[in-house]
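Student: Sequence:
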Amino acid sequence: MRENFDYIVVGGGSAGCVTAARLVADFGARVLLLEAGGRDRHPLMKMPAAFVKLLDGGRYVTRHETTVQDQLGGRVHVIPQAKVLGGGSTVNGMVYMRGRPSDYDEWGAVTGSNSGWNYSEILPHFRKQEDNNRFFNEAHGHGGPLKVSDVRYTCETSRIFVKSLQAMGFPYNPDFNSGEQRGVGWMQTTIGDGKRSNATKAFLSAVEGDSRLVVRTNARAMGLIFEGSRAVGIDYEGPSGRATAYASTEVILTAGAYVTPKLLMLSGIGPAEHLRQHGIDVRVDSPGVGNNLQDHHEVPVISQALPGYGYHHDDTGLKMIMNGLQYLLFGTGPVNSIGCDVCAYVDPERAPNDQAGREPTLQFYCIPAVYLDRDVTPLPDVPGVTLHSCLARPKARGSVQLRSADPRAMPLVNPNYLGHPEDMRISIAGLRFAREVFKTAPMAEIATRELLPGPDVTSDEALAAHCRRTVKTNYHPVGTCRMGREDDPMAVLTPDLKVKGVEGLRVFDASFFPNLVCGNTNAPVMAAADRAVDIMMGRP
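To convert, count from 1 in the sequence shown and add 3; that's the numbering used here.
Treat the hints as calculated values from the structure; they're not laboratory data. For each residue, glycine too, the CB sits at the ideal point set by N, CA and C. All clues given are correct.
Derived DSS-like pairs (lysine-lysine); straight-line CA-CA distance at most 30 Å: (1) K503 with K398; (2) K131 with K501; (3) K322 with K49; (4) K198 with K49; (5) K166 with K322; (6) K131 with K49; (7) K322 with K56; (8) K198 with K322; (9) K56 with K198; (10) K398 with K501; (11) K198 with K131; (12) K442 with K166; (13) K198 with K166.
Restraint ranges, calculated between C-beta atoms of paired labels, are given here: (14) R361 with L382: 30 to 36 Å; (15) L331 with S116: 49 to 55 Å; (16) R5 with D384: 56 to 62 Å; (17) E506 with L332: 53 to 59 Å; (18) G41 with A275: 32 to 38 Å; (19) G457 with P492: 45 to 51 Å; (20) F30 with P381: 48 to 54 Å; (21) K398 with A447: 29 to 35 Å; (22) R44 with D153: 26 to 32 Å; (23) E448 with Q74: 34 to 40 Å; (24) G41 with A412: 18 to 24 Å; (25) Y249 with E439: 58 to 64 Å.
Given only the sequences and the hints, what does the whole structure look like? Please build it.
Tutor: Laid out in structure tokens, this is it:
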């Protein structure tokens with residue numbers, strides 16, 4: 004029997020949950036939501052501090068191995084991406100950060116006047132979704148489905164970081180989402196009452212009992228079904244084998260910046276030469292598919308800390324058991340922590356008194372522990388502080404390509420970290436800035452010795468080598484099916500997110516972002532999906 008729906012949403016992550024919920028609740032549509040992973044029922048998914056365990060591997064993430072990074076001396080990164088209902092919002096670090104207004108005004112400039120993507124047009128969607136426990140003003144909402152709150156538990160090292168940046172002359176910023184990012188302060192989180200507020204709980208749960216919504220988990224999309232030039236359905240593989248489903252109105256891709264371009268290419272939409280190399284018939288020669296990949300990436304300076312500072316061994320042995328009991332019985336303690344709860348937005352190449360009117364080039368994190376990527380030589384097992392310099396808007400662009408025409412094959416991901424000279428220059432400046440923070444009281448009073456890169460590593464060349472050895476992802480890939488003007492040959496999508504060259508097919512996930520926003524991407528993905536639904540349905 005042929006399964007028919009009004010809409011099929013492919014990918015049950017942050018964007019997919021928002022999209023499916025809106026279509027059912029506000030428009031009465033019959034919707035099929037497909038998710039390659041399982042349900043978000045594991046108890047660790049509710050506990051803020053447990054996200055580290057979720058990202059570390061297992062069945063809730065797909066571990067994408069990158070292509071060999073020649074610019075990094077041949078390193079191969081492993082980049083986890085969520086494979087579970089709720090997507091990144093189920094396994095991420097729960098930071099609620101929107102970026103700056105100019106990020107979205109750039110979207111508007113790229114897509115043309117009256118496209119609907121300026122900051123003033125997306126801000127109402129942030130406010131509408133939000134139930135903020137501290138702010139209710141022109142920038143923030145209260146009473147929405149997404150819980151946004153200050154962290155319940157912080158450690159002294161985080162407070163020391165804030166005080167040290169202030170001592171250096173940087174202003175305290177009480178709200179990074181107010182439209183002004185500069186300064187140092189505490190990040191808000193998608194946590195409510197000590198539990199993660201993911202896209203499933205915030206948006207999808209309100210309609211999961213509605214007969215018009217069908218959610219299929221453990222269902223891998225294999226390819227799009229076309230009738231002529233119109234996308235009419237999806238071929239997928241579920242627990243019971245291969246199946247097909249059909250959409251009378253639209254198919255919407257929300258599978259993420261790695262898998263959405265893969266699905267388009269498997270279906271004949273992409274760079275013609277690349278498709279032919281894999282024996283795929285070209286439906287639309289769209290050279291932008293898979294290109295323009297952007298991802299936040301960061302480099303560390305790590306210092307040993309005095310005993311008793313930070314989270315050293317809080318997640319092991321008896322300490323872990325005691326912390327878990329404290330959380331379960333009283334809702335208090337370190338399990339409420341997200342590990343990294345403070346940051347600063349800075350330009351490390353300018354003095355603190357010369358930051359006004361300048362857009363920050365770094366999101367500068369403090370992690371109260373020794374924290375490194377897997378392929379970096381381990382450091383001593385001691386209390387520590389890691390200061391990460393994360394490029395706010397990297398210049399380098401990477402790509403996503405097909406490994407083969409087999410839908411089960413992982414895509415080839417080339418993030419091209421530090422592939423632009425400006426990215427390397429700013430990263431080196433960030434390392435020097437981190438050292439200044441470690442020299443400034445009160446941080447200087449707890450940081451005992453530099454562990455990485457080491458006090459003898461001082462020249463630009465040596466610091467660049469350190470960057471190449473240690474740079475890591477911040478898990479924010481975007482841009483691989485970007486939107487743009489109709490006459491832009493590299494734009495995969497029109498401003499209303501229709502896939503150019505076909506009908507009945509749109510993209511609502513981070514793939515469509517023309518550029519990275521200056522901050523964590525989960526909140527922008529959810530707000531942008533909400534905006535995308537309004538644009539599709541003809542709402543102003």
